[in-house]
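Peer 1: Chains as they are written, first to last, in my numbering: chain L, 2 to 272; chain X, 153 to 358.
Simulated from the structure, these hints should not be mistaken for lab results.
Remember, it's a predicted structure, so these values are computed and weren't measured experimentally.
With beta-carbon atoms standing in for the labels, derived distance ranges:
{"#": "1", "chain 1": "L", "residue 1": "E100", "chain 2": "X", "residue 2": "G318", "range": "24 to 30 Å"}
{"#": "2", "chain 1": "X", "residue 1": "V313", "chain 2": "L", "residue 2": "E244", "range": "40 to 46 Å"}
{"#": "3", "chain 1": "L", "residue 1": "T10", "chain 2": "X", "residue 2": "V313", "range": "25 to 31 Å"}
{"#": "4", "chain 1": "L", "residue 1": "A118", "chain 2": "X", "residue 2": "G308", "range": "58 to 64 Å"}
{"#": "5", "chain 1": "L", "residue 1": "T214", "chain 2": "X", "residue 2": "G308", "range": "51 to 57 Å"}
{"#": "6", "chain 1": "L", "residue 1": "A77", "chain 2": "X", "residue 2": "G310", "range": "34 to 40 Å"}
{"#": "7", "chain 1": "X", "residue 1": "D291", "chain 2": "L", "residue 2": "N32", "range": "47 to 53 Å"}
{"#": "8", "chain 1": "L", "residue 1": "A77", "chain 2": "X", "residue 2": "E255", "range": "19 to 25 Å"}
Quick reminder that beta carbons are idealized off the backbone N, C-alpha and C, glycines included.
Residues per chain are reported as follows:
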Amino acid sequence: MSQNNGSSTSLRLKTGLAEMLKGGVIMDVTNADQATIAEQAGAVAVMALERVPAQIRAEGGVARMASPKKIREIMAAVSIPVMAKCRIGHFAEAQILQELGVDYIDESEVLTPADEAHHVDKHGFKTPFVCGARNLGEALRRIAEGAAMIRTKGEAGTGDVVHAVKHIRQIVQEMKILTVLSEIATPADAALVMHLGAEAVFVGSGIFMKDSTTFAEPEEAARRARAIVRATTHYNDPKVLLEVSEDLTGAMKGLAVSALDEAHMLQTRGW
Amino acid sequence: MGKTKRELLRGFRHPETTMTIGVLAIQGDFDAHRKRLQELGAEVILVRKPEQLDQIDGLIIPGGESGAFLKILGALGIEKLKEFVLLKPTFGTCAGAIMLAKEITNPEQPGLGALDIRIRRNAYGRQIDSSIRTGRLGDSPLEMVFIRAPKIERVGAGVEVLATEGKDPVVVRQGKAMAATFHPELSDDTRVHRAFLELIGNGQPH
Chain L
2 MSQNNGSSTS LRLKTGLAEM LKGGVIMDVT NADQATIAEQ AGAVAVMALE RVPAQIRAEG
62 GVARMASPKK IREIMAAVSI PVMAKCRIGH FAEAQILQEL GVDYIDESEV LTPADEAHHV
122 DKHGFKTPFV CGARNLGEAL RRIAEGAAMI RTKGEAGTGD VVHAVKHIRQ IVQEMKILTV
182 LSEIATPADA ALVMHLGAEA VFVGSGIFMK DSTTFAEPEE AARRARAIVR ATTHYNDPKV
242 LLEVSEDLTG AMKGLAVSAL DEAHMLQTRG W
Chain X
153 MGKTKRELLR GFRHPETTMT IGVLAIQGDF DAHRKRLQEL GAEVILVRKP EQLDQIDGLI
213 IPGGESGAFL KILGALGIEK LKEFVLLKPT FGTCAGAIML AKEITNPEQP GLGALDIRIR
273 RNAYGRQIDS SIRTGRLGDS PLEMVFIRAP KIERVGAGVE VLATEGKDPV VVRQGKAMAA
333 TFHPELSDDT RVHRAFLELI GNGQPH
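All chains should be built: construct the whole structure from the sequences, respecting the hints.
Peer 2: Dropping the structure here:
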């Protein structure tokens, strides 16, 4: 007696999964081993990527949807939801990801935009979408297009939380209705955005990268991942935050957003 | 939906004493449960620390990721919860139902053992297979929101089936523990949560 026809039913199922992710950490991963580390650390979902944002930023070139083979390996390795990114406006990539069976599609500014005028019409998809936004206007445009979850854009691949904070302040001040997620790099960053109203946390390059081109040791990555999960649950408890921060030998080196010129910013992609 | 005469007469046994219900809030849709419980007049504590379990009359384990729950709780948190479910009423939805089970598959993982059931994680498939269905609670229809839901594959002798969808048991109870494989907290119908509050009030859901 399935009743999946109405679009309101479809939206309830899409936002329903977003509800289940609340208070959790979603981690960027590029292979099955990293996905397993993320799941073991208590991540509630993983984002399957060809390269993490820090690598994309360092290496340049056109960044596209990850290869379906890679995504399939990640889906087989973990039992938590698997998300994957498509390029802004690239509805054909989105259709491939839906066919593949990913649990959430991220129409993402981290990849090279495919359409300079239109985002994907997300109402037509059964798979839910998450989209980035810098302010309420952008968030509402994405919701009007059918997004079921909004994340702040921040400035991906820098490890600098300053723009995530700026964007979340702008969005949350005016909107209390939708799951908002924010990209961060350290346990303290996670606590900060949760205090500001984030309902879940995305960790981009911060866990698996030593700097923008080399990977961290798996043990170090696992330690960072566990620390960020605990900090997200106990964001309100400085005692726990101190405890989890103490164990860490350092986060990804990072890149201060203030040192970036506008042309190198990813957040200005999409509108 | 109109209430039956029996439901109207029953009400809560002790309207003068407010119940304090904990909702495990380490991750998941705990806020949807908080809202529902407050609508029904209960005091709610969002439980993030073991010592908070001592302050509540009953506990809800919400939907979310059961594997993440286990990792975040750690060995100590799991032990504390195992003690709690023996002492006080506990209700789990979706991931919470998985937590309460004795036997868990796909993949195998430890549970609290409060319900003698075997439950299969992600039994319907991935998010694209999530659905809203109409099942039966006792004699009447009930909307059920299934999101990457588990299925109860075996029900032990002491387990009572309170609701079904098709042939599948979807709400079960054994002693003080109750579980739903779907998300009553995401529907407007309050009957399943009321049944849990009655379990706390009377020790019986009927």
